[in-house]
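Q: Sequence:
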Amino acid sequence: DLPAAAAVYSRALQIEPLHVDVLINYGIMLMQGLKDIPGALGMFMRAAAVAPERLVADADGQSTSILQLCQRVQQLVLDLQGKPLGKLSQGQDPTK
220 DLPAAAAVYS RALQIEPLHV DVLINYGIML MQGLKDIPGA LGMFMRAAAV
270 APERLVADAD GQSTSILQLC QRVQQLVLDL QGKPLGKLSQ GQDPTK
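My numbering puts the first residue of the sequence shown at 220, with every later residue one more than the last.
The hints are simulated quantities; they were obtained by calculation from the structure and are not laboratory data. The beta-carbon is built from N, C-alpha and C at its ideal position, and this holds for glycine as well. Hints are supplied without guarantee of correctness; some may be wrong.
[Unchecked claim] Between beta-carbon pairs, the in silico distance windows are:
#, residue 1, residue 2, range
1, G280, G252, 13 to 23 Å
2, L253, R291, 17 to 27 Å
3, D298, I234, 28 to 38 Å
4, R230, D298, 28 to 38 Å
5, D277, L297, 14 to 24 Å
Could you build all of it, start to finish, from the sequences and the hints given here?
A: Dropping the structure here:
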């Protein structure tokens, strides 16, 4: 249940606002589960502010820095502004 998971992540961040793992996992859930790309970007940017050197797995399972992930998701947000959801509405990974 994605809305319930979002509530748990939100509550966890109320308790520990700078918990990098929660920020990253919440961002992934927002992006992949709820298709909330701007919300995901916000979580990733908060994580990058706390731990810019942090490595995360990208859509292909390769390690990338949280800063690089932020750049890619930010570009995705810009690409999606004013456009239909494209790959998202087709269930495809939008970062590829």
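Q: Which of the numbered hints are not met once you compare them with the structure shown?
A: none
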